[in-house]
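Please arrange chains B, C and D on chain A, whose structure you already have, making use of the hints.
There are 4 protein chains.
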Amino acid sequence: MILFESDYTEGAHPEIMKRLAETNLEQLPGYGNDKYCASAKEKIRSACRCPQAEIFFLVGGTQTNLIVIDSMLKSYEGVVAADTGHVSTHEAGAIEYTGHKVLPIPHVNGKLEPEAVRRFLEIFCADGNREHMVFPGMVYISHPTEFGTLYTKHELQALSQVCREYQIPLFLDGARLGYGLACEGTDVTLPDVAELCDIFCIGGTKVGALCGEAVIFTKNNMPKHFLTIVKQHGALLAKGRLLGVQFDTLFTDDLYLRIGRHAIEMAQLLKRGIAEKGYEFLLDSPTNQQIVILGNETMRELAKEVSFNFWENVDENHTAVRFATSWATKEEDVRRFLEILPTSV
Amino acid sequence: MILFESDYTEGAHPEIMKRLAETNLEQLPGYGNDKYCASAKEKIRSACRCPQAEIFFLVGGTQTNLIVIDSMLKSYEGVVAADTGHVSTHEAGAIEYTGHKVLPIPHVNGKLEPEAVRRFLEIFCADGNREHMVFPGMVYISHPTEFGTLYTKHELQALSQVCREYQIPLFLDGARLGYGLACEGTDVTLPDVAELCDIFCIGGTKVGALCGEAVIFTKNNMPKHFLTIVKQHGALLAKGRLLGVQFDTLFTDDLYLRIGRHAIEMAQLLKRGIAEKGYEFLLDSPTNQQIVILGNETMRELAKEVSFNFWENVDENHTAVRFATSWATKEEDVRRFLEILPTSV
Amino acid sequence: MILFESDYTEGAHPEIMKRLAETNLEQLPGYGNDKYCASAKEKIRSACRCPQAEIFFLVGGTQTNLIVIDSMLKSYEGVVAADTGHVSTHEAGAIEYTGHKVLPIPHVNGKLEPEAVRRFLEIFCADGNREHMVFPGMVYISHPTEFGTLYTKHELQALSQVCREYQIPLFLDGARLGYGLACEGTDVTLPDVAELCDIFCIGGTKVGALCGEAVIFTKNNMPKHFLTIVKQHGALLAKGRLLGVQFDTLFTDDLYLRIGRHAIEMAQLLKRGIAEKGYEFLLDSPTNQQIVILGNETMRELAKEVSFNFWENVDENHTAVRFATSWATKEEDVRRFLEILPTSV
Amino acid sequence: MILFESDYTEGAHPEIMKRLAETNLEQLPGYGNDKYCASAKEKIRSACRCPQAEIFFLVGGTQTNLIVIDSMLKSYEGVVAADTGHVSTHEAGAIEYTGHKVLPIPHVNGKLEPEAVRRFLEIFCADGNREHMVFPGMVYISHPTEFGTLYTKHELQALSQVCREYQIPLFLDGARLGYGLACEGTDVTLPDVAELCDIFCIGGTKVGALCGEAVIFTKNNMPKHFLTIVKQHGALLAKGRLLGVQFDTLFTDDLYLRIGRHAIEMAQLLKRGIAEKGYEFLLDSPTNQQIVILGNETMRELAKEVSFNFWENVDENHTAVRFATSWATKEEDVRRFLEILPTSV
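Quick mapping for you: the protein sequence lines, in order, are chains A, B, C and D. For my numbering, count along the first sequence from 1 and bump the result up by 4. For my numbering, count along the second sequence from 1 and bump the result up by 4. For my numbering, count along the third sequence from 1 and bump the result up by 4. For my numbering, count along the fourth sequence from 1 and bump the result up by 4.
Quick caveat, the hints were computed from the structure, so don't treat them as lab data. The reader is advised that the hints may include incorrect statements.
Copies of the same chain look alike in the list, so a pair counts if it works inside one copy or between any two.
To be verified - Straight-line C-alpha distance at most 25 angstroms; calculated SDA-like pairs for lysine to any residue: (1) Lys281 to Val318; (2) Lys78 to His94; (3) Lys39 to His136; (4) Lys157 to Thr190.
Same shape as in the complex, but just chain A (with noise of 0.2 angstroms):
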């Protein structure tokens, strides 16, 4: 069976399984106050090229998204998505499990348009029963984004100046940034996205570690009594040198980026072969998810060698069907994937 169901079907990434063995019997505070966490944050605040940055390591991605919206929102306050954002769809209710509203706004091959969020702050802020409505509060964005696509420099600038003029905090989930910065083509690098965006994180889960994601404020704006916060969400792990050394693995020789290139590398060699195969794709993405066209009957046949997601039903003899490429993922799975693949008809 060759899997290509999600980055995350592995453990961690080598290098990160070598220094947790390495550093397993040295005797360290908990709740984060460890040597090893205090490096990552410093390894991270460089390479971001933000001094100032506070960082805090969690250990899940809806974690990060409900802590970090309902640390950061006020109690009237929703957080603005794309109405195909995680945090709507695919989070069970976490985020009003706080108390807060997801305001939808239909997306645009996964991402939220500047312009429709301009237009929706400023229809809310024109509306005589906005006392009323939930305020908006704080956009939410994920780069690369659900459907694998990414933002451009341009397009980030433009959210955030939006969010800017209106006072509210840009919010981007980087669950699989490591893949969305090692793109080819793409202009956003690391001090982009802490430079344009209020808070995001790195996402460790899905990047090489065994989990973790790391919170980064930019703007000295870490919400006060930020680990009590966390403590009371139960998200505070008591041996916290467990992301500290992963996070300073990642962050050690370039590794986080090289996990995303190895990723990125594999699935444009996936690409290439399932396009000349004659395939077609569901949208262009540059990232390591790429959601392709089988016909129903190709499908059933590959199902039964290799493992990938069902995206959604193209029409009654057709289905989008997304495979994902990882730190993990080996060449010669991918040349033996192509081989398998027929030529589409």
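Just chains B, C and D now, with coordinates in the frame of chain A:
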């Protein structure tokens, strides 16, 4: 100034004020345990032809919606509603504050289409990721809707049928139910509502009371310890008599329906007069809310002598505005308004 | 039956009923934007000698407590209260429902001792684990307390001083404030309350109104967008006039204080009479609540003609019960009760 | 520096690290659907002699407590706990954040007395105002307690009996269960815990794992759609294998018990040595936590070479401090410490 801006600009219907005065010095137990609450419940059960109905009186509409939804749903469930539903837009996130997502479906004239609800539920049940999503746990409709439109009996039956198939309750928000039941041409009666819905409320605030909504559980489905739940939400009225006396009066000698009929007569008078002057309506409403398209110049002039509500911009030169009648609308005011209204050009 | 079971067994004071009737057909804007709310606020500001006071009218007491506490606290803060405080015991967990812990301190006659509060805050601040604990973010007291006792001005000053040192607000729940202010021997005035507390409420429900509590922010500290917060909690009254007219009447010609004085006179009459018959009191209360120790046999006999509240078991043969007077208590009822009451043996 | 400050200063037990490394590159499904989770559950069921046990792996202790309590309670219920219980004091209000009150009962050596629980439940049920109060919906205990003390089997049976009479579940927080089960003289076994409790957790974080708590529902009482509830609380781990492999290892060849036994041996060595030097203990603890009374001068000197935890001030000149041993404590460190420790004067 002639006020058509809402159906709650006056105090209470005079018969209610009279009963409140007459009973004022009686010593009665608190928290809804008084004889007027008991009597009101009995009269409502009878009017609904639903002898098993369990009834609780609450103060306001948003309060009613949030308590019904929060107490009926499991923590991981959300409520399906039209994207224009009151719970979706104009309750300041009160539903989300209780931890539950409002799952929006595009409306058609303010209404939820039964087939759209069915499709939504089907897609959810077929989604391989549904365990990571909010479970639809209730369907919310309002009757009349925010647009002043009404469901037919056939539509209510179809919605009820879908809900029963998927074993989730149907909740009808009847904040303006009295006006809906009194409309010409409607085939929906109070016993129909009680039969087809699992929970509904009979609005008092907008139909002649100082305040008050009667929540009716029709299927022996009132949540256990509902009084405690109400108290926990800060919604238990110490002097429950205030609600008991009012609803007892509303359901004595058909006052609730008489109030509805008067408002509808006034609305029809208004509607015919406006149409005769050559204006168009945003949509055809049989209820006490009429949404009319005015030229902006006419609108501005009219606003000097008449109050109404902004609804939406139609084009550069035209605006849709809402006129609402009520139990307190005087025929002379309607006629005076029609005199003031210039013929459309 | 003579009712002493609570101070909310009747409807509203006749002057209030009269004003509600007189203003009933006036057309007024909703949500508290009417002239009666404005006038009532002005009169309250004047009675408090607090021209900058920001005032909002809510319907009920638990509702007031939960909204004030939830809107003033940070998410990680709790409210310090006596272990017998209303918020600690008899609000069905309404405070916790908003996500905030009530931090209990042992009471002394229903009161919080300033030194106990100071010690609690000192210990918290000195605790090395405080980041893993709930931060004390407010001090809640009631005046009169649940036991019918009163703070002295000196005690209020000391509590206020502690709160200012620790920079947390002092909130006084005045559900029965009118009775407290009217007591013989009290040196606490309404302007004192306004000066020493950061927020307080003036209770209407138990002091002559059908419903209603006035929330008063004395230090330009009303949370931003408070109306939206109120709406979000389901507590915004559409016909705000109902509260405006009532409080406007209560603060016209000193009605609020006149109501208080009458109840206190009745309570003193009751207290003297009961004492003369040889009974003991659980504690010495100057307010409209008198807690008396009765032999169980006497209690059972009395209960046939008089209603009162169980308070607690004193020993095998004696029970403490509460008698409450109100604005509506008639002198003839008190005298009749004293005739019925047998001499203690 | 010799560290006795907690039982989570090291990483994971070497056998766990070895298994994580060995399985690291296996491709496995996410969210706990992997074979290691399945195998670990089977081994735990077997160790508990509870074949019907439903098991879910979570990351942390506070997270476990809040999810178990929130998912098992009705909205109007609270959890009964010792006033010193972890949920009462050191979880930053995480339980209240989910909307539920912690109902505190005075502890005796960190434990809840069965008779005190019974009295509390009796009083609640007899209270005429109970509908205005938080309903006790669960009893929470920890074993070992925060004080390092243990329940006897007889006490657990009595608590279990009270809970069954009142039909509320008994929840045992076993964050340090491994140390409790390994104590000399305890008559409580893992199958006893499974039989007597309705839910309990087996702590991994403090007993040899990098992170992880196994939640065990023993009575076919796992809440429906528990995975979705976990996701909604931000607690679903994408790479569930991290927990599965760890617990599978802990329950292979009795590792969990071996870890416990080692820590207890070290604690007993420490305890005897400290006693021989003439010091007193705040209370007699059989577990891995020893609370010792030191002269302040001795404490300050010792702190230069040994880390331990402040517990409480005993008098002006003496302080109680906590020493904790773990799976990783080395005998040589204990002996070295005992050499450093001066004889008490």
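Next item on the list: Determine which of the earlier numbered hints do not hold for this structure and return their numbers in increasing order.
Entry: none
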